[in-house]
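Student: Modelling step: build the complete structure from the supplied sequences, incorporating the hints.
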Amino acid sequence: MAMTKQEKLDQKAEKLYEKKHKQKYRRTPSDWTFDILNHAFFLIFTIMCIFPFYYIFINTISNNDLVRKGAINFLPQGIHLKNYVAMFNVNDVGTALLVTVGRTVLGTVLMVIASAFVGYLVTKQEMWGRKIWYRCLVITMYFNAGLIPWYLNMSMLGLTNNFWAYIIPGVVAPYNIILVKTYIESIPGELEESAKIDGASYMTIFRKLIWPLSKPILATIAIFGAVGNWNSFTDSLILMPDAPALHTLQHKLYTYLNAASNLKSVMNSGAGTISGAAATNVLNAKTIKYTISMVTVLPILMVYPFMQRYFEKGIMLGAVKG
Amino acid sequence: MNKEKIADKLYIVFRILCIAALIVLFVPAFNPARISDLVPKTSSVFTCGTSYGTLTQNFLRAFNRGWVGTLTMQMVFGGCLCMIIGFVATAAGGCMSLGTNKLKKLGALPSVIGAAVALAGCLMINWAANDIQGTPNPDRVVPLKPAMLSLYIAISVLILVLSVVIFLLLPKVKKEEKCHMETKYQLFLLFLPFLALCMVFSYLPLLGWRYAFFDYKSGETLTMSNFVGLKWFGFLFQNEATRADLVRVLRNTLAMSGLGLATSWCSMAFAIFLCEIKNLKFRRLVQTFTTIPNFISWVLVYAVAFAIFSTDGFVSSLLINAGVLENGTNFLMDNSHMWIKMLAWGMWKGLGWNAIIYIAAISGIDQQLYEAASIDGAGRFQKMWNITVPSLIPTFMVLLLMAIAGILSNGMDQYLVFETPYNTNTITVLDLYVYKLGINGGRVPLATVVGMFKSVVSVALLFGANKISKTIRGESII
Chain A
1 MAMTKQEKLD QKAEKLYEKK HKQKYRRTPS DWTFDILNHA FFLIFTIMCI
51 FPFYYIFINT ISNNDLVRKG AINFLPQGIH LKNYVAMFNV NDVGTALLVT
101 VGRTVLGTVL MVIASAFVGY LVTKQEMWGR KIWYRCLVIT MYFNAGLIPW
151 YLNMSMLGLT NNFWAYIIPG VVAPYNIILV KTYIESIPGE LEESAKIDGA
201 SYMTIFRKLI WPLSKPILAT IAIFGAVGNW NSFTDSLILM PDAPALHTLQ
251 HKLYTYLNAA SNLKSVMNSG AGTISGAAAT NVLNAKTIKY TISMVTVLPI
301 LMVYPFMQRY FEKGIMLGAV KG
Chain B
1 MNKEKIADKL YIVFRILCIA ALIVLFVPAF NPARISDLVP KTSSVFTCGT
51 SYGTLTQNFL RAFNRGWVGT LTMQMVFGGC LCMIIGFVAT AAGGCMSLGT
101 NKLKKLGALP SVIGAAVALA GCLMINWAAN DIQGTPNPDR VVPLKPAMLS
151 LYIAISVLIL VLSVVIFLLL PKVKKEEKCH METKYQLFLL FLPFLALCMV
201 FSYLPLLGWR YAFFDYKSGE TLTMSNFVGL KWFGFLFQNE ATRADLVRVL
251 RNTLAMSGLG LATSWCSMAF AIFLCEIKNL KFRRLVQTFT TIPNFISWVL
301 VYAVAFAIFS TDGFVSSLLI NAGVLENGTN FLMDNSHMWI KMLAWGMWKG
351 LGWNAIIYIA AISGIDQQLY EAASIDGAGR FQKMWNITVP SLIPTFMVLL
401 LMAIAGILSN GMDQYLVFET PYNTNTITVL DLYVYKLGIN GGRVPLATVV
451 GMFKSVVSVA LLFGANKISK TIRGESII
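Protein chains in written order, with my numbering: chain A, 1 to 322; chain B, 1 to 478.
FYI, nobody ran anything at the bench for these hints, they're computed from the structure. Every residue gets a Cβ at the ideal spot worked out from N, C-alpha and C, and that includes glycine. Incorrect hints may have been included.
Claimed, not checked - Just so you have them, the derived chain B footprint on chain A, three or more residues with Cβ under 8 angstroms:
#1 46-58
#2 76-88
#3 112-123
#4 178-191
#5 208-214
#6 244-256
#7 305-314
Unchecked claim - Here are a few chain A residues that face chain B, going by a calculated C-beta distance under 7 angstroms:
#8 Glu126
#9 Met127
#10 Trp128
#11 Trp133
#12 Ala145
#13 Val227
#14 Asn231
#15 Phe233
#16 Ile238
#17 Val297
#18 Pro299
As the list claims (entries may be wrong) - Reference listing, derived: stretches of chain B covered by chain A, where coverage requires no fewer than 3 residues with Cβ under 8 angstroms from a Cβ of chain A:
#19 102-109
#20 271-278
#21 285-293
#22 344-356
Tutor: Listed below in structure tokens is the structure:
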């Protein structure tokens, strides 16, 4: 909350400054043209960024026949939500959603706990061989063996066609560990000292002191971790060739965008569920693709505005190095 | 006193053995559970002991026809499980050996028990191996001699003997003694599981580089008979087809990275111009909406592209309505100017996000500079060019150097999703090439060689960029 207060103060100061500034400042004609062009550019770019999502959305809730004809361009017509209902009745989309939610929740939670704990441990100077082990962690950010050795390693460990392949490799995330470590180092050492004098063990200090104090940074890495998990697609593509039930939502979307054969089976199963309700309003290839896209993107669109603060904090932290 | 020194030396051997025991559990080449050719070649003791399904995935017919008894395979499974549990116990003993005398003495207990359990596991597998020799259909089952079993027996026996010897060498526990471990070892042991994970997923893959020296086809094992030395390294450059591929792929990679570098000033310009907008609400709105595309995956970007540019997408239907087109056109199938299009999608996705760091840097510029410039009669653009831009150059340089270091790694997601049979020649970048060669094409050694080159060059570039940064700015970027 302190941050928001600070931000408000900043904004106030900025406004005051601008008021003062404006009085002194007269716009020349070249300023006018620049301002107009500048506003126009940003307006257009913003629309370019947001319109596609709007376009897909109105096409999923409009009358499917109109959609098929390409009549829905700017405003929805004949609004209904049957496409979404049908989508969840299609078996493999439901499973994919479950897998994706599962990996996002479990992967993020484990990653955050591990990052917090390891980040705390590597701040302890007295650990045996601290420097070497910490470097071992950091180097992995810059150097990797490559795709094929990684794949062979995963299959050697039995992590192909296995749900845990989504979770376990992501638990130790060096970059996040560095962020947490840097943050913990900024916490006054006296706090920990006094806890130690009171007889607290490392685990107690971590649980009662470090964890609550480093919540802001943990929230940031949690959000980045969750978005990363939600969006990850290549691991599903490479590691789960024989387990379609474990494909993530992104992978499913990719499959649907590309293959016509899949669409037919969905149309049959999907049409079966809704044909009675509205015979003229049948799912078609286009609406299926759009609906899955929307199901995949909606969580991000809904979470983003509320979490923007954390996202922006994240990129600023990225400038801090271990 | 002397005895303790000997015990300390023996402990070093003991700990190395414990670590080695844990490692061999994960290496398929050392799998004693391969008592038959039907056991998957890529399985390790760990997979065999944790997943009965994987162990027996090829045994369905053998079980049904009675070639192999289920008990035999259950014994193998149990044996592997015993070895895993046993070696984990000995590792726990190894960890306890870092403590005080009493803890060391206590640690002998899990070590001895663990080694005994592992030994029992070895015997179970040995029994199963003998049992399977008597199969009625040796042609199909192909019983194998588990040669690696002796390795496991040797390790277990050594651990067993060592822990007993050390136990005897250590002085007696005094009554007032407590179980304790020095803080530095305590902390290390807390850290150890995470370090192990890092080793397993980031360092263990380096072992895979050995595939570059073998004539390997997926599903086979590496033996000295298919060792080919540096054949693939030469092949990559001597073979006409792969050389042409490589040149093409490198051209695409460098062109697209180069375009990215050449336009990297755009996000700086974006930030500067955005900060010229004085209406805070509008600015906030722009910032929120332009950063969203950064958080959607490339698959979703493709879905967006599909919605806008495909045959029945937004642009097509607009053009049809306007009477420009008769039928919808799939603009995504058009393979002209692929590099520019990829750049455009990259910009669409990343521009707003990349600008944030510059926006933060701009808000950090001392306002007095601007005031002083105004008093000296500087106009708006002069202030932008002479104050804002120079203040952002350090940030820009760091990001540019990082981008140069990553010039070969443009990732494969973007190019994979936008790839069609028509544009594959101009879109395949190094990462995608390795994927298609190794995973889709099954040419593992060749793909490994390309990947090795990429890794080495990337690291060299990173260090080079770091060196430049150090000499110019006196600061390192890594």
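Student: Compare the structure with each hint and give your call.
Tutor: A quick look at each hint next to the structure:
1. 46-58: holds (count 8)
2. 76-88: violated (count 0)
3. 112-123: holds (count 5)
4. 178-191: violated (count 0)
5. 208-214: violated (count 0)
6. 244-256: With 4 residues closer than 8 angstroms to chain B, the stretch 244-256 of chain A meets the three-residue bar; holds.
7. 305-314: As far as the stretch 305-314 of chain A goes, the hint holds, because 4 residues have Cβ atoms under 8 angstroms from chain B.
8. Glu126: 5 angstroms, holds
9. Met127: Cβ of Met127 (chain A) sits 4 angstroms from chain B, so the hint holds.
10. Trp128: With a minimum Cβ separation of about 4 angstroms from chain B (threshold 7 angstroms), the hint on Trp128 (chain A) holds.
11. Trp133: With a minimum Cβ separation of about 6 angstroms from chain B (threshold 7 angstroms), the hint on Trp133 (chain A) holds.
12. Ala145: With Cβ-Cβ at 4 angstroms, under 7 angstroms, it holds.
13. Val227: Because about 5 angstroms separates Val227 (chain A) from the closest Cβ in chain B, which is inside the 7 angstroms limit, the hint holds.
14. Asn231: 4 angstroms, holds
15. Phe233: 5 angstroms, holds
16. Ile238: Status holds, d = 6 angstroms.
17. Val297: 5 angstroms, holds
18. Pro299: 10 angstroms, violated
19. 102-109: violated (count 0)
20. 271-278: holds (count 5)
21. 285-293: holds (count 8)
22. 344-356: holds (count 5)
Going through the hint list in order, the structure does not satisfy hints 2, 4, 5, 18 and 19.
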